[in-house]
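Residue numbers (this note's numbering), protein chains in the order written: chain A, 15 to 115; chain B, 15 to 115; chain C, 15 to 115; chain D, 15 to 115.
Heads up, a few of these hints could be off.
Just so you know, same-sequence chains aren't split out, so a pair can sit in one copy or run between any two.
[Claimed, not checked] Mimicking EDC-like on lysine to aspartate or glutamate, the simulated pairs with C-alpha atoms at most 16 Å apart in a straight line are:
no., residue 1, residue 2
1, Lys71, Glu44
2, Lys41, Glu65
3, Lys41, Glu109
4, Lys111, Glu44
5, Lys71, Asp98
6, Lys41, Asp96
7, Lys111, Glu65
These are computed hints drawn from the structure, not numbers from a lab. Here the structure is a predicted model, which means the values were calculated and not measured.
For reference, the chains in residue letters:
4 protein chains.
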Amino acid sequence: MYVLMDIMVSPSGIGISVSPYVAMCQKIFEQSGLTHTMHGFGTNVEGEWDEVMAAVKQCHQTLHQSGAVRITSHIKIGTRTDRDQTMLDKITSVESKLTSS
Amino acid sequence: MYVLMDIMVSPSGIGISVSPYVAMCQKIFEQSGLTHTMHGFGTNVEGEWDEVMAAVKQCHQTLHQSGAVRITSHIKIGTRTDRDQTMLDKITSVESKLTSS
Amino acid sequence: MYVLMDIMVSPSGIGISVSPYVAMCQKIFEQSGLTHTMHGFGTNVEGEWDEVMAAVKQCHQTLHQSGAVRITSHIKIGTRTDRDQTMLDKITSVESKLTSS
Amino acid sequence: MYVLMDIMVSPSGIGISVSPYVAMCQKIFEQSGLTHTMHGFGTNVEGEWDEVMAAVKQCHQTLHQSGAVRITSHIKIGTRTDRDQTMLDKITSVESKLTSS
Chain A
15 MYVLMDIMVS PSGIGISVSP YVAMCQKIFE QSGLTHTMHG FGTNVEGEWD EVMAAVKQCH
75 QTLHQSGAVR ITSHIKIGTR TDRDQTMLDK ITSVESKLTS S
Chain B
15 MYVLMDIMVS PSGIGISVSP YVAMCQKIFE QSGLTHTMHG FGTNVEGEWD EVMAAVKQCH
75 QTLHQSGAVR ITSHIKIGTR TDRDQTMLDK ITSVESKLTS S
Chain C
15 MYVLMDIMVS PSGIGISVSP YVAMCQKIFE QSGLTHTMHG FGTNVEGEWD EVMAAVKQCH
75 QTLHQSGAVR ITSHIKIGTR TDRDQTMLDK ITSVESKLTS S
Chain D
15 MYVLMDIMVS PSGIGISVSP YVAMCQKIFE QSGLTHTMHG FGTNVEGEWD EVMAAVKQCH
75 QTLHQSGAVR ITSHIKIGTR TDRDQTMLDK ITSVESKLTS S
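With the hints as constraints, model all of the structure from the sequences given.
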């Protein structure tokens with residue numbers, strides 16, 4: 015089951031700046047080999063369900079080990095059975111409607 | 015790793031009424047033995063990480079098998095290492111602040 | 015436009031315990047006269063669009079004035095034009111599918 | 015109050031393809047003059063609170079008028095009082111941690 019995911023990780027108990035912790039998760043996605051793109055409120059990640067979920071779990075574990083005593087992640091998970099679709103396909107589909115009208 | 019989760023499952027391609035599909039996921043949480051409570055925009059589920067995530071995956075698989083060609087789930091995942099906390103603890107903590115002030 | 019909303023408010027820069035801040039928002043919803051119910055990962059609120067959004071804005075303003083330097087809210091907003099529906103209707107609809115099967 | 019927002023609009027009752035409806039919201043953000051960037055699971059929008067929220071309301075109204083009988087939006091709203099920050103600042107902050115390590 016191929017999944018398109020969006021994840022925003024919010025560690026707390028580590029002060030106002032969360033960017034070093036977000037960077038740790040980025041490295042985990044990088045090392046996982048999964049396609050991923052960061053935006054202003056999270057990161058798009060895509061791949062097989064079990065691999066994507068393993069990366070999410072590793073992210074929570076790593077941040078806890080690095081001192082974040084409390085973590086909340088906000089995740090969107092999309093699966094479909096009618097056809098294959100990548101994250102890029104979704105964006106291209108909307109953009110084609112914008113330029114054609 | 016104990017996790018407090020909130021999940022809202024949105025199947026599409028099956029008409030306006032999604033309640034029969036939401037009910038399928040409720041049954042999966044019921045059969046999983048995980049503590050769970052439904053609210054107006056999702057369901058709170060708590061338990062060990064792997065068990066909770068297995069239920070989420072089973073929910074997507076079951077809904078696809080039942081005709082939903084596209085599913086998007088919106089999930090909140092909370093973990094903490096400083097102390098044990100249940101979903102009920104969180105609610106009680108806020109309510110105690112409301113009554114004491 | 016009648017709206018069913020779910021809101022989870024996450025203040026940061028105020029330590030690990032966020033329950034006193036969540037309680038402040040609960041009081042705002044209480045004083046607004048809007049129907050609202052707290053759950054383990056947020057609060058369901060329903061009413062007219064402008065009134066609901068005014069309460070959300072007041073919540074951010076109040077928490078900033080109380081010392082939260084950074085606030086992130088996660089909000090779900092549902093509107094529909096085919097029929098009237100309350101939050102309770104949604105829950106009852108799923109529960110009827112559970113008991114009838 | 016300056017706000018960084020992320021919004022994913024999910025219309026239903028209009029078939030599987032939601033991209034024409036997502037494109038309508040993109041045009042509203044475009045016409046509003048607000049800074050905005052689309053990603054695979056939504057759109058980052060930033061600006062003054064009232065202007066951003068007016069665009070969200072207009073998006074729901076326009077989609078209903080275009081035939082979507084039911085709309086659910088998933089929104090993240092970030093405000094902070096300690097310093098000015100744009101969406102681009104957030105991304106740059108994480109990227110600097112990635113390259114420096």
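Here's how the hints hold up against the structure:
1. Taking the shortest Cα distances, Lys71 and Glu44 sit within 16 Å of each other inside one copy (15 Å), while across copies they are farther apart (24 Å).
2. Only within a single protomer do Lys41 and Glu65 lie at most 16 Å apart by alpha-carbon distance; the minimum there is 15 Å, versus 26 Å between protomers.
3. Proximity of Lys41 and Glu109 under a CA criterion of 16 Å is satisfied inter-copy only: 11 Å between copies versus 29 Å inside one chain copy.
4. Taking the shortest alpha-carbon separations for Lys111 and Glu44, only the inter-copy value of 14 Å comes in at or below 16 Å, while the best intra-copy value is 32 Å.
5. Within a single copy, Lys71 and Asp98 get their C-alpha atoms no closer than 25 Å, and across copies no closer than 18 Å, so neither meets the 16 Å cut-off.
6. For the identical chains of this complex, Lys41 and Asp96 are neighbours neither inside a copy (32 Å) nor across copies (25 Å), given an alpha-carbon limit of 16 Å.
7. For a Cα distance limit of 16 Å, the shortest separation of Lys111 from Glu65 qualifies neither inside one copy, at 33 Å, nor across copies, at 25 Å.
Of the hints listed earlier, those the structure fails to meet are numbers 5, 6, 7, in rising order.
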